[in-house]
Amino acid sequence: MQSTRLKLLAVSAGVALIALGCASMNGDPMAVHSSAGIPLGKTGPHAVQPLPDKPRFGHAISEADLASWNIDVRTPDGQGLPPGRGSVAQGKKIFEARCVACHGADAKGGAVYGAMVGGIGTMNSNPRVLTPGSMYPYAPILFDYTRRAMPMDGPQTLSNDEVYALSAYLLNLNGLVPADAVMDAQSLPKVQMPNRNAFVVDDRPDAKATRCMTNCK
Amino acid sequence: MANSRREFLRKSAALTTGTLAAAGAAQAAPLAVPQTNRQPGHGMEETAYGLPSKFEAHVKRRRSDVLKNRQNLSDWSMTPLQYQPGIITPNGLVYERHHAGTPDIDPATHRIAIHGMVKQPLVFTMDDLHRYPSVSRFHFLECSGNGLTDWLKPASTTVQQTHGLLSGALWTGVPMSTLLEEAGVDPKGTWALLEGADASAHTRSVPMEKMLDDALVVYAMNGEALRPENGYPVRALLPGWEGNISVKWLRRIKVGDQPWHFRSETARYTDPMPNGKWRQFSMVMETKSVITSPSGGQKLKGPGFYEVTGLAWSGTGKIRAVDVSTDGGRNWREAVVEEPVMDKSLTRFKIGWNWDGGPAMLMSRAVDNNGYVQPSVADLQKTRAIVGFVQHHNAIQPWSVNAAGEVRNAINQA
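As given, the protein sequences belong to chains A and B, one line each in that order. In this text, residue positions in the first sequence follow the numbering used here: the first is 1, and each later residue adds one. In this text, residue positions in the second sequence follow the numbering used here: the first is 1, and each later residue adds one.
A few of these clues could be false.
So these bits of chain A aren't anywhere near chain B, every CB distance computed over 12 Å [said to hold, decoys possible]:
#, residue
1, A105
2, V129
3, Q186
4, K190
5, K208
6, A209
Chain B regions said to be covered by chain A (calculated; three or more residues, Cβ under 8 Å) [what the hints assert, rightly or not]:
#, segment
7, 81-94
8, 156-163
9, 246-257
10, 351-362
These aren't lab readings, by the way, just hints derived from the structure by calculation. Every residue gets a Cβ at the ideal spot worked out from N, C-alpha and C, and that includes glycine.
Next up, chain A with everything else stripped away, as it sits in the complex (with noise of 0.2 Å):
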């Protein structure tokens, strides 16, 4: 992550001075980024219809009355993990009851999905064996999306004590914690995954291609 954060800051240091809403410049079709160098292609079209008298139909809430809908993680430093832990050995037992019949015995691979574990080391080879273990650059992301998303036959019935659980047992699988680890919000965020610093932004146009019309090749 540091070569990308160092990659952002530098891009939009470079993007700075141009305004945001201005017509793509000739010859250079990406140059409105984003404060963070992002890419945004083409702007607008904008609204057009004045508002003079703005109207305001949305309810207030309170952040307490929307906690259950808040289940995101930022998953470079964990922010928004909640209380809660659970160890490889009870993530063992939520495996073999929950996710087995897709995912495979040791997610090795099932009936419905491939492998979650190995491929550490094959980045530079194709092709590139792609596991939670191999790509994720933040092992946050399993609690995430294991929370939001998983079991498929009932997202978002799990505790957070099993979710961590199960984040423990696949990290552990794929060799990047301990038999006896214990997973929470302060040690989720500190697993380094092989993968963290594999991540650059996006630099497109990156094809230089001619308009050639006769005798081209």
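Starting from the known structure of chain A, arrange chain B on it as the hints suggest.
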């Protein structure tokens, strides 16, 4: 436009004159009065939702059948582009991609929440949304994985299989900016997450600049409510960006000061790059085109005139021109680009072609209003690693034609 139209007519005329005189068309059989003239048709129903003719039953979305999923909950279906004239995809044919099936959401109970780094967290009902001033815009929607099976060798037969994760529609809804301004975005709130009410609670991070620029909260497409599989009752639409980020069944918008780096923006929807790297936040769908007729799996009915037609689109603006080659990219002619030509919308191109009956290779190449020229796979391979599950494929699609008139996917021959 006028110039290219005249040029097209002139070229078409020049191309066809000889053929018609020489080959002509076979003598037509004498005409009998059809039975439909002699008996009444079906009576009108009290109420009905019209369906296509039974003779059009072959025009259907199809589940991905080149890369086959072993379940149909996280799956995708593809638009039959070979049968689509014009630039609008009928709602029943708009491609689908979902991650945990299609939910049945009652609009009376659905809610959208905006919270996080805002002055006042808000909740909106569907009735609330419908009371805001609305906008309607034509935009394409394309999955970042469109073309993922066909990079270095042909795997697909038809354009539905190669390019069918693409649709065009008129989207109606409320600008995202209207709702965000009402909640009052903290000046430090530079990102927002979008989250769905489906069983995957699908989530993506979006730069605030895009949210406040042209992003829409959409409840209708092509003149009717969204179809369930396309987000009913409400979805996000981020024009020109990969379909995955236009979160369907939208339930939550949270403002933050960093991206969340969710699974769908790290382990998925990122692009393999050389040296084991991955390109992240590549949301813009770059300029692209494809010939939809003649296209893979079709058969030409003998030498003579054919209209070569297809679609072009760009997430970075408007289509300026489309060139067509019939000799595998050696020589190109500029096609007619048919009005309307709109930002981040499907655009239709056409050009006449007189097939001489010999082997041919049809290709289209789009140019956008920034001067960006659609690349070949070889052009993209200079900077990207074409390994495994490759995304954001905007390369030229060649279709080969053999002497029998059979049209085939020739992605490896560009």
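Structure versus earlier hints - violations, ascending order: 2, 5, 6, 7, 8, 10
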